[in-house]
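We have chain G; now place chain S onto it with these hints.
For the record, the sequence lines run as chains G and S.
Quick note on this note's numbering: the first sequence kicks off at 1 and runs consecutively.
Quick note on this note's numbering: the second sequence kicks off at 438 and runs consecutively.
Treat the hints with caution; some may be incorrect.
Stated by the list, open to error - Derived pair list, reagent style DMTMM-like, types lysine to aspartate or glutamate, alpha-carbon separation capped at 25 Å: (1) S:Lys782 / S:Glu796; (2) S:Lys509 / G:Asp129; (3) G:Lys386 / G:Glu311; (4) S:Lys672 / G:Asp296; (5) G:Lys235 / G:Asp282; (6) G:Lys345 / G:Glu290; (7) G:Lys407 / G:Asp352; (8) S:Lys672 / G:Asp364; (9) S:Lys532 / G:Glu64; (10) S:Lys532 / G:Asp70; (11) G:Lys79 / S:Asp566; (12) G:Lys283 / G:Asp296.
Just so you know, the hints here were simulated from the structure itself, not pulled from any lab data.
It should be emphasised that the depicted structure is a prediction, and the values quoted were computed from it without experimental measurement.
Protein chains: 2
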Amino acid sequence: MDGKKASRSKGVKTLGSGESALPSQSRRKFLASGAAVAGATVATGAGLVAARAEKIAVPPSNQEMGRPIDPKAYGMPSKYEAHVTRNRTDVFVNKQNWSDWSMTPLHQQVGIITPNGLFYERHHAGVPDIDPATHNLVIHGMVKQPLKFSMSDLMRYPSVSKFHFMECSGNGLTDWKAPKSKTVQQTHGLLGCAQWTGIPLSWLLDRVGLADGAKWLLFEGADGAAHARSIPIEKALADTLLVYGQNGEMLRPENGYPLRAFIPGWEGNVSVKWLRRIKVSDKPWHLRSETARYTDPMPEGKWRQFSMVMECKSVITNPSGGMQLHGPGLYEIQGFAWSGNGTIKAVDVTLDGGRTWQEAKLEDPVLDRCLTRFRFLWNWDGGPAKIASRAVDSTGYVQPTVADLEKTRAITGFVQHHNAIFPWSIAPSGEVANAIA
Amino acid sequence: MDGKKASRSKGVKTLGSGESALPSQSRRKFLASGAAVAGATVATGAGLVAARAEKIAVPPSNQEMGRPIDPKAYGMPSKYEAHVTRNRTDVFVNKQNWSDWSMTPLHQQVGIITPNGLFYERHHAGVPDIDPATHNLVIHGMVKQPLKFSMSDLMRYPSVSKFHFMECSGNGLTDWKAPKSKTVQQTHGLLGCAQWTGIPLSWLLDRVGLADGAKWLLFEGADGAAHARSIPIEKALADTLLVYGQNGEMLRPENGYPLRAFIPGWEGNVSVKWLRRIKVSDKPWHLRSETARYTDPMPEGKWRQFSMVMECKSVITNPSGGMQLHGPGLYEIQGFAWSGNGTIKAVDVTLDGGRTWQEAKLEDPVLDRCLTRFRFLWNWDGGPAKIASRAVDSTGYVQPTVADLEKTRAITGFVQHHNAIFPWSIAPSGEVANAIA
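Next up, chain G with everything else stripped away, as it sits in the complex (with noise of 0.2 Å):
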């Protein structure tokens, strides 16, 4: 891959910015290629005949009373979607303290939402079941006026709903230098997004009132693990909040129930779930979870701690992967991007590994720090391939490759912070396979 930041290349445009998805002269190339496109059905004389003549089958779901509602059942997907589900990583499960993760199903979601069955999770004694009757936030340490909200008190505060993403620091880890995972769920499903609700940190710390000196804080959790993170205040301030709605209903259990932090833009582990005090002191606490771990190799063998901002990333999410095309022809190469810096400005995709790229089609809307979607038409020709996304942020900063990357750390064991450009290869079988290397 060759994705210099200083020189983004400006290759040919092949979608336009307008309110369609596609312009039409592309559009009409691609409808032009039934076979490609509308597949076998539309090929087979059988089916243009049955619908010439208008002898159209009449299903048994036309000839029958469906299923009655279920009065106070939370409704559920179809049994034919049971496949699709969050993915656990047997691998680096820890037995001993059921230290885990599951990955969202990147190439199964549409649109930028991930739903909430479907967001991934990252804990660290498992996930407790807590009432939020007896759930109490304490914020307390250098302030002028230590108080405990209950839930009820939390929720009666004016609320703020926002589109962000998440995304785990650990996301993609495993496959920095040589292809460990097969699917874009392994190597990219630390990642969901989602409409989150709740109040800002600051209305909490004005109530409280800060002390003199108060430069940090602590959040912990009320797990078994006691998960907890050192915060600067000015960040606090900012912009986190404390959010207890996710995609317009209360948070999953997994995913917080009934009170977690969230810092948008920064890595996941510091929205602090199932949120139980809030601590104010002038220095950070250097946890184990801010030494042993989230922390990243540099060259010349130190660690740099509080690297927790997600920057500029992208990936194509279809075809990845695990994927098989079926045949040359046109295709629409999908993926997402984000930035916890901003918003996505552009997303380039290359075709031949990095050598030339073009600019892919953003979907509306573009938010703030969320999933952005891209889109790009693409008329494979059956030859091998080796397909990649390149984001670029309101601040201009350019996703980087791997090379890019190792200037500046040390790419050694399971290295943190991995938003590099992320290729997939397309054999002339139509395999698509991590290319990553």
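Showing chain S alone in chain G's frame:
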């Protein structure tokens, strides 16, 4: 209620339109009122002492392992949220053919996304169980080339994802002139909002080729009622989608799995679910659902057909019928506004039954034909009040009163298309009740 179309009064602007949900002045006022906001826990000595002494109880969930990940389960809400469900209105269910509906719990929804498990249902003969591997869509009639599409054919097309509301034309039909329903789930819950993913119908109509004189389409479902509607070709070509995705995943069975029409801004029943057939003609079909149902009585005794646009509307969801305010103090009034004709430009709130109006704050993003959440800070003095919202859309249309609507329509029986201003009364006891009159 006094809500004249022509003279939308410009009341005091309580909330600003800046980045913060509350301007600093209002926010300080709100935050200063501890008892009203943070509730009894904060006001009692026990809570404060515990926090002050830092004798913070460690909850049981900190002292035990939580639930491990179920690697193949689709995630579900907490057991403590089991009361949040769609409600069926038992009064109206037709036991013979299971023509039925269930309603979205709007008062429990946060943000603008309606979770798929809580999205209202409406069907005429129960929910069919359709295997996507056997489902087809046929387009025939006045076309150059009738075609049959499998689901895999359709899902290989480039797709689009769009946020839009969906509302049943019968939403509110029980509550025009006197309170019949208690909660906002019952008065307005045939309403939801999602990100919908699918393909523009215009692309498929390009494929089959419209014959000269083609003017109307028939959409027919694969359910036991074979529900069908006639759709004018202009709307089909303009923005009608065939969708398979809702909020990031495949449609749920009760909402049309695996394929439905989606007609932005129009009444829900034209977005035919379980779509299996589109026939092209030069005139509408005048089906039972277009003569005996889904029509509007007019003052002169005639009935209006094909009135399918859902006009601008809003409702306060918090506080709303059946809720209880806990004494005088600051409350955040919240609700939804939406229009089938464009975006929401403004929402006004009245506290005195329509005598005076003040502008509410609209929460970003404000999207085309999508739910928009409004917020308004209210300092309740404990006296009787009558609250309501009034929306204005991007065409300049102002949400009318029932009296306004009655000037052009006959309000008798179960009348469709009730988009009038809807008031709730607040008693000095804090009880909130339906106040339509």
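Evaluation of the provided hints:
no., hint, result
1, S:Lys782 / S:Glu796, "holds, 11 Å"
2, S:Lys509 / G:Asp129, "holds, 20 Å"
3, G:Lys386 / G:Glu311, "holds, 24 Å"
4, S:Lys672 / G:Asp296, "violated, 55 Å"
5, G:Lys235 / G:Asp282, "holds, 15 Å"
6, G:Lys345 / G:Glu290, "violated, 32 Å"
7, G:Lys407 / G:Asp352, "holds, 24 Å"
8, S:Lys672 / G:Asp364, "holds, 22 Å"
9, S:Lys532 / G:Glu64, "holds, 15 Å"
10, S:Lys532 / G:Asp70, "holds, 14 Å"
11, G:Lys79 / S:Asp566, "holds, 9 Å"
12, G:Lys283 / G:Asp296, "holds, 21 Å"
Hint check: violations occur at hints 4 and 6; the rest are consistent with the structure.
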